[in-house]
Amino acid sequence: MSDRPVFADGLDDIAQEFLIESYENLDELDRALVALEREPDSQPLLASVFRTIHTIKGTSGFLAFNRLEAVTHVGENVLSKLRDGELALTPQITTVLLQMVDTVRALLASIETTGVEGDIDVDAVSAALAGCLEPAAPLVPAPRDEVEPAAAPEPVAEITPEPAPEPVAVVEPPAPVAPLLAENSTDHDEENARRSVADSSIRVDVGLLDQLMRMVGELVLTRNQVVQYVGETQHTELQRASQRLNLIATELQEGVMKTRMQPIDQVWSRLPRVVRDLGAQCGKSVRLVMEGRETELDRTLLEAVKDPLTHLVRNAIDHGLEAPEVRTAAGKPAEGTLSLRAYHEGGQVVVEVGDDGRGIDPAKVAAKAIENGLVSRDQVSRMSEREIADLVFRPGFSTAPAVSNISGRGVGMDVVRTNIEKIGGTVDLASEIGMGTTVRVRIPLTLAIIPALVVGQAGDTYAIPQANLLELVRLEGEAAESGIEHVAGAPVYRLRGTLLPLVYLDEQLGLPAPAEREALNIVVLAADNTHFGLVVEEIRDTQEIVVRPLSRQIKHVETFAGATITGDGKVALILDVAGIAQRATHQTVAATAARMTESERSRTTETTRLLICQVGADRRLALPMTDVARLEEFSVDQVEKAGNADVVQYRGDLLRLVHVGPLLGMGSANADAETYSVVVHRHENDAAVGLVVDSILDVIEEEVVLSAVGARRGLAGSAVLQSRVTDIVDVPALVAATQEN
Amino acid sequence: MNQPRQLCTFTVDDLYLGVDVMEVQEVIRYQEMTAVPLAPEVVRGLINLRGQIVTALDLRRMLNLPPLEGDELPTNVVIRDGADEAVSLLVDQIGDVVDTDPADFEPPPPTLSGPARELVLGAYKLPHTLLLVLDTERVQNSQRPAAARV
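Chains A and B, in that order, give the protein sequences. Counting from 47, one number per residue, gives the positions in the first sequence under my numbering. Counting from 113, one number per residue, gives the positions in the second sequence under my numbering.
Note that these hints are calculated values from the structure, not bench results. Any given hint could be a false lead.
Claimed, not checked - Listed next, with one range per pair, are the computed distances between beta-carbon atoms: (1) Glu197(B) with Ala782(A): 51 to 57 Å; (2) Gly419(A) with Tyr142(B): 53 to 59 Å; (3) Gln312(A) with Glu197(B): 30 to 36 Å; (4) Gln137(B) with Glu391(A): 39 to 45 Å; (5) Gln312(A) with Arg162(B): 35 to 41 Å; (6) Asp126(B) with Leu293(A): 52 to 58 Å; (7) Ala559(A) with Asp126(B): 35 to 41 Å; (8) Gly107(A) with Gln164(B): 50 to 56 Å; (9) Arg229(B) with Ala559(A): 38 to 44 Å; (10) Glu391(A) with Glu197(B): 34 to 40 Å; (11) Gln62(A) with Tyr142(B): 54 to 60 Å.
Claimed, not checked - Stretches of chain B that chain A covers, calculated by requiring three or more beta carbons in the stretch to come under 8 Å of a beta carbon on chain A: (12) 147–156; (13) 162–173.
C-beta: ideal position from N, C-alpha, C; glycine also.
Generate coordinates for the entire structure from the input sequences, incorporating the hints supplied.
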């Protein structure tokens, strides 16, 4: 045997797959060839036959099965001529092709049992196939008569004058090599060796798998109940049995889940083609790097991430990577790199799509967002770079200067995010100008059974998916009272120096608040790039839960993601964390959280000089010193009326007064004061305005970690300054508000 | 309505109602249930029916009737729809299975008004009483948002 053994220990995965696929293809080929004989002009049939042989040829070349490649190569030549109409299909040719199929089958059998092609003769069939290519022979009508009996059971001998019968003979015993193996192995091993690859794996109806999964879900629930009841008894035998049940159910669950797992390569495998075509279309040369293609996830999820991933890849090539000349000018290799990475992390699958392109320019994104009317200039000026980059996920956003047929229609990233969030995943984006962009998609391993935190509220049980859970905070006694601060009416908790907006579960559910809370349980949750604290009455335990959809009567309640049955046999509703975040807080929380993560990640915020003043009972306001021209004090008698506005004569002009406290709804502590403390503000070329505050406290220089809690017209948000929650005044917006009135 | 049918009958307040036995999965006594905050008013809660989560719909609320008085507990009539989704109808008392004659069937009497009119397909004239046939599809889609409770 001249062939080297390709596989040291058994067949490796690629060859295994190749064999399974090829066997199936060959069966199909037999049928197709026979059908083809009846309708020799059928282009679809010819094309399908051609494709099959082509595939086998390609893969065998790749796996270095030279004989297989040789014989399929000639076969392919014949088929391509048939397909192109240069050759007409005669029964003779059909027979030769069928012989080729048999030879291929024999080769595959040999590869399967021994790992090598063996000494199966392919020359005869190759010659016969080559013979078909001889232009004169098959095209003349004469052979037609000659082959008429070809339909008879024994055609081989008749048609092919030369070595045709030979290969057939060789093919007949498909496993002449098996005895070689059997010599030094037991009967059992021999049996295994003979067991064809096709026999060791079967195709299973996906519906059946889904049904199995559902039943395992039931079993897990029942197991949970049994374990709970048995835990309360003293019966040792019963406890032992329940432990066994517990173990088996877990293993069964893992096993069934595994049957539904497929490598992400199923989705990735077609991306090289997409990348190549797109690159050519955009005039960019792209190198595709894939890491972790064997990473597995549930097939339903695989299906769900297919489109978003393709979209991200398209985006990266179309928007991310620059044209080669631009890259060379920037000192980068002309060829752009698109990297796909997949890995498991913390019970989730992470898929990254990264490019080394131009990165996202916040300025451009901001300009585009304003142009598209998504945000106002005012809002943008208050956003962090990260928040601005996040704007690309807003519906209706598009940075492509022109609408190409690849992307730039403004439907894209928002759909990506929506689709990923639909399956309980998250999307975030990291970008550096000139260096590239990476989009990170996190998805759960499976949707059917998830770990959850079980909490109690007003006697009922609710489940919170652990994927959303960050940490638990419990405030007891004094802390439960004093720990909660309010920013413009919104409750917040200071979690390690950053403000965590709080949402009360009872309020969200429309339930009455408990009479008194001796302790406060805060479940810190993340959803949609948002952090917030959900205040619940009671934290019970964690459980594996089986997610059930809600019936149509309650499907639309966005607070709930589904229902489940807990260990005690009761039905519990599963909270939809993203839904609650949206319902409770709209944009506020999102903005806060984005700022919080920003401040956590990069403590680069510069210190700002701020004027601290007081209004109302004890509300602290901070004004950036850049907005302050002078500080003045006027006696109340100096105040006069001009129209509806209070004015004072100031430096030969009228100074319009703005009462900040009442304007912001914070009231004024000293309505009957004799003097007004006034902050004079002058905005560019506008007339000066006097902001009346109750008292001026301090000028400080501090790093401002702005939180959007309490943000509204005139207030940029709030921050912890001098260890106290202080609202930051957006002076231009505040003044603008008074001018409209 | 032109086939003789068997109806599973029950009462809600003074109404004598029925649904086709083919639609009924089972009849079970009152089950403890989990309330669904924010849900439409007709949804009384979710019950665990041997591992299956079933939404219980309160027919009294759906028909704008006062709640059941005293300690009496409603009975679950679990029906299964074409989409294989099971819901339970909470009724006061379960009755017999009644054989009906299509000749006795009539569309809802004009005197029938209010929510019952929307939910009833028609009536069978039985010797002593009228048996109203519920339109289960409509019953399941009956959405009376709990606007007042939020």
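Earlier hints that do not hold, by number: none
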